[in-house]
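Given the coordinates of chain B, assemble chain V with the ligands onto it according to the supplied hints.
Protein chains in written order, with our numbering: chain B, 96 to 517; chain V, 3 to 165.
Everything labelled a hint here was simulated from the structure, so no lab data went into it.
Do not take every clue at face value.
Chain V side only, calculated, beta carbon under 7 Å to chain B, not exhaustive [claimed, not checked]: (1) F42; (2) Y55; (3) F64; (4) A122.
For glycine and all other residues, C-beta sits at the position ideal for the given N, C-alpha and C.
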Amino acid sequence: MKIVLRNIHKQGYKGDIESYLKEQGYTALKKALTLSPSQIIEEVKKARLLGRGGAGFPCGVKWEFVYREKEFPKYVVCNADEGEPGTFKDRLILENDPHLLIEAMIICGFAIGAEEGFIYLRGEYFKAYQILERALEEARSKGFLGEHILNSNFSFHIRLYRGAGAYICGEETALLDSLEGKKGQSRVKPPFPTFVGFKNKPTVLNNVETFANITQILLNGGEWFAQIGSSHSPGTKLYCLSGDVKKPGVYELPTNISLNQLIEEFGGGVEGELKAVLPGGVSSSLLTPDKLDVIMDYFHLQEVGSMLGSGAVIVINKDRCMVDLAKRCAEFFDYESCGKCVPCREGTKRAREILVNITRGKGELKDLELLKELAEVMFDTSRCGLGQSALNPVRSSIEKFSQEFEEHILKKRCPLGICSLC
Amino acid sequence: MKERLKQILNSYHNQREALLPCLHLIQKEEGGLSEEIALFLAKELNLPPVEVYSVASFYSMFTVKQQKAKYIIRVCVSLPCYLKGSDKILEVLHKELGINSGEVSADKKFFIEEVSCLGACGKAPVMLINETLYDNLTPEKVREIISQLKDENSTEEYSQTGL
Ligand SMILES: Cc1cc2nc3c(=O)[nH]c(=O)nc-3n(C[C@H](O)[C@H](O)[C@H](O)COP(=O)(O)O)c2cc1C
Ligand code: SF4
Ligand code: FES
Numbered sequence: 096m097k098i099v100l101r102n103i104h105k106q107g108y109k110g111d112i113e114s115y116l117k118e119q120g121y122t123a124l125k126k127a128l129t130l131s132p133s134q135i136i137e138e139v140k141k142a143r144l145l146g147r148g149g150a151g152f153p154c155g156v157k158w159e160f161v162y163r164e165k166e167f168p169k170y171v172v173c174n175a176d177e178g179e180p181g182t183f184k185d186r187l188i189l190e191n192d193p194h195l196l197i198e199a200m201i202i203c204g205f206a207i208g209a210e211e212g213f214i215y216l217r218g219e220y221f222k223a224y225q226i227l228e229r230a231l232e233e234a235r236s237k238g239f240l241g242e243h244i245l246n247s248n249f250s251f252h253i254r255l256y257r258g259a260g261a262y263i264c265g266e267e268t269a270l271l272d273s274l275e276g277k278k279g280q281s282r283v284k285p286p287f288p289t290f291v292g293f294k295n296k297p298t299v300l301n302n303v304e305t306f307a308n309i310t311q312i313l314l315n316g317g318e319w320f321a322q323i324g325s326s327h328s329p330g331t332k333l334y335c336l337s338g339d340v341k342k343p344g345v346y347e348l349p350t351n352i353s354l355n356q357l358i359e360e361f362g363g364g365v366e367g368e369l370k371a372v373l374p375g376g377v378s379s380s381l382l383t384p385d386k387l388d389v390i391m392d393y394f395h396l397q398e399v400g401s402m403l404g405s406g407a408v409i410v411i412n413k414d415r416c417m418v419d420l421a422k423r424c425a426e427f428f429d430y431e432s433c434g435k436c437v438p439c440r441e442g443t444k445r446a447r448e449i450l451v452n453i454t455r456g457k458g459e460l461k462d463l464e465l466l467k468e469l470a471e472v473m474f475d476t477s478r479c480g481l482g483q484s485a486l487n488p489v490r491s492s493i494e495k496f497s498q499e500f501e502e503h504i505l506k507k508r509c510p511l512g513i514c515s516l517c
Numbered sequence: 003m004k005e006r007l008k009q010i011l012n013s014y015h016n017q018r019e020a021l022l023p024c025l026h027l028i029q030k031e032e033g034g035l036s037e038e039i040a041l042f043l044a045k046e047l048n049l050p051p052v053e054v055y056s057v058a059s060f061y062s063m064f065t066v067k068q069q070k071a072k073y074i075i076r077v078c079v080s081l082p083c084y085l086k087g088s089d090k091i092l093e094v095l096h097k098e099l100g101i102n103s104g105e106v107s108a109d110k111k112f113f114i115e116e117v118s119c120l121g122a123c124g125k126a127p128v129m130l131i132n133e134t135l136y137d138n139l140t141p142e143k144v145r146e147i148i149s150q151l152k153d154e155n156s157t158e159e160y161s162q163t164g165l
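Next comes chain B alone, as it looks inside the complex:
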């Protein structure tokens, strides 16, 4: 079942406007223009499409919030800042089927009453930038974008905006600040962007993959979509398989797939022997092989103490040292913390220091308790999701692989010979 990648998977599909038009391109927009905004929102709500950027918030509800706001102008923003390590699905869509996103954003604009939209694109996505620029131009020249779209009273413009190398700008409020030409640091929530968004106006902000589901929902109906995959979070998901797996890549599968099926049937199995999986990137908690039966939707992954996040499934085999990997994750968050709030700014730094010490044979047993406590404090007191989830992989690897940590600390020995303890 392909929804998001249905075009991309077709032989010879090029992603330009001619190819797109041959595959029902812009027919959803034509249909949308014959409906009322509330009818469109009703379909999206019926589909029960959950946001695919990580938080899993119902897309239709978000659109409805903004639709009901009386403040104008309103804005549509696409989060194309894909930066969670292990996530490489949005780039696939942006480079290979840009009109799928553009059409959905126009429909969203029509539904909520916005006339302007932004695609906030990762600064390092140079190729996608060129492709999107061209696609926007194509859409304008065919009358799908701009003034009086398809001779209607509806006008909508999209601007492409480049980020500049800051992971935190993927967080929605930091993204909005960045889009306003400021440092990308997160805002206090609430108020949520649906009420106080871009330039303090009501704003729908969705991930690329979320938008990429919209045209098919409109063409086939919300009920059709709601029947696909898991009942908790219907539809398909683009799972990004990476790490120690035989066939890494992006796989679009119904959300009721199990982790085991994903790795074995689609990923061709583990490269080596399975030790652990990070099912939602380096912000999620590790799963051990006894949890392989878990269904890969938001609800079930939370039930086993982890999360789906953006769908970055990182497979780790038995040749890996968990202390070393925990240190790597801590280094990432220390580097990417935006520094706005103390728990995260200081916490990520201390966590990295402690882990570096342990990998150098200078750790103490009480460090492990300290790290767990730090994880708790950061979860409770950090201002945004980065700090709240930064120590998930660290905490879960201490819990699940305590022996490895203890060996580094007590015996000054890395069982796998990876850390050079001196």
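Showing chain V with the ligands alone in chain B's frame:
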């Protein structure tokens, strides 16, 4: 330069949203933000100069020091690439170019930067050289790419660096 910046500023009606697009152009053309340009932007956008600097230094793709290199090599060091040997890739680059990460080579040709995930983890390990992505890297492949870049002696325009 100022003329081109003015075009960007105009397209954003001199609102501060123009700042990041301007900084991208400056980085690409001049390899960093000079004092003169910073003051110019501050004036045009009606911002204190320190605000322009603070934004420029927040983002890793911008530098406030002008630092030019013909090739900016950005090596992904995030977990999936690390699992596939990004540290070996860095080792080869350091050795072949005689510089560490964060440094420019003596001939001003190369700059190495360690960056977070580049969204190509299915083909790890990867690196970007200027705007081109190189994936499924091996030490041999990296040596080959570098020797090709070292050999060509064109004098094209220098492009951006980032810290
Ligand atoms: C630290 C951090 C980084 C994030 N990075 C991204 C990202 O790169 N892309 C994305 O779509 N959402 C990202 N998110 C989630 C966004 O804040 C937001 O929930 C999402 O873009 C909303 O769109 P959706 O409802 O369609 O998922 C990030 C969140 C946090 C806390
Ligand atoms: S939690 Fe971290 S990233 Fe988020 S606002 Fe605080 S310092 Fe910034
Ligand atoms: S981890 Fe290197 S590209 Fe994603």
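Evaluation of the provided hints:
A cut of 7 Å between beta carbons decides the hint on F42 (chain V): the least distance to chain B is about 16 Å, and the hint is violated. The beta carbon of Y55 (chain V) is not positioned within 7 Å of any beta carbon in chain B (closest approach about 11 Å), and the interface hint is therefore violated. Interface hint status for F64 (chain V): upheld, as the beta-carbon distance to the closest one in chain B is roughly 6 Å, under 7 Å. Residue-level restraint check for A122 (chain V) holds (minimum Cβ-Cβ distance to chain B is 6 Å; threshold 7 Å).
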